[in-house]
Amino acid sequence: GAVVSQHPSRVICKSGTSVKIECRSLDFQATTMFWYRQFPKQSLMLMATSNEGSKATYEQGVEKDKFLINHASLTLSTLTVTSAHPEDSSFYICSAAAQGTQYFGPGTRLLVL
Amino acid sequence: TQLLEQSPQFLSIQEGENLTVYCNSSSVFSSLQWYRQEPGEGPVLLVTVVTGGEVKKLKRLTFQFGDARKDSSLHITAAQPGDTGLYLCAGGRRGGSEKLVFGKGTKLTVNP
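These protein sequence lines map, in sequence, to chains A and B. Numbering follows the working numbering, in which position 18 of the first sequence is assigned residue number 18; successive positions increment by one, without gaps. Numbers given in the working numbering equal positions in the second sequence, counted from 1, plus 1000.
I should point out that these hints are in silico values taken from the structure, not numbers from a laboratory. Mixed in with the good hints there might be a few duds.
[What the hints assert, rightly or not] Dumping the calculated EDC-like pairs for lysine to aspartate or glutamate here, alpha-carbon to alpha-carbon at most 20 angstroms:
#1 K41(A) / E1041(B)
#2 K1099(B) / E1005(B)
#3 K1099(B) / E87(A)
#4 K1099(B) / E63(A)
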């Protein structure tokens, strides 16, 4: 149980384009999902908290107009990186919360050329 | 800001050795979670501890939550190459947004 999927697992895009990443809780409902960014050999950096049916809460320093988050249902949250630039290249990981525990997706590797 | 200090940051040992990873904070957490992450994958939950003084065992891994719920440790006995990975501790607060505070991680390498 408590399986979280992410799609795509890897994406390469041109600078200036937008990329959407999906996060799904497959066997449970999650009112809260989280989006993280991880740089090589470092820990997770929380970007935003996504609440079903309401606006996401962004961490300090994270541009909400650049990283659009939508949590339309109890099993799906999406992160859209708008007008991506090479510095947005990173490993993006989502998690879904259930009973105080976060279950993580497998991550999405984004490379912006 | 609640901080979790995790140590050591890097650890390279030989197969069969024992090791301990520490997670310390000046703040009290309602729960403490340990994750293991392999390169290119998401973190996988190993254990959640919620009671001060609690000890949980998972095969060769022993997890302990401090009496005051401010610190935790992970002890691995007779480490194996398959234990190689990034170990992350994360603290949670009851009644909050379920947001976790993460330590910086311990990169463990077990050499055969």
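Status of each hint after checking the structure:
no.	hint	verdict
1	K41(A) / E1041(B)	13 angstroms, holds
2	K1099(B) / E1005(B)	17 angstroms, holds
3	K1099(B) / E87(A)	26 angstroms, violated
4	K1099(B) / E63(A)	19 angstroms, holds
Comparing the model with each numbered hint stated earlier shows that hint 3 is the single one that does not hold.
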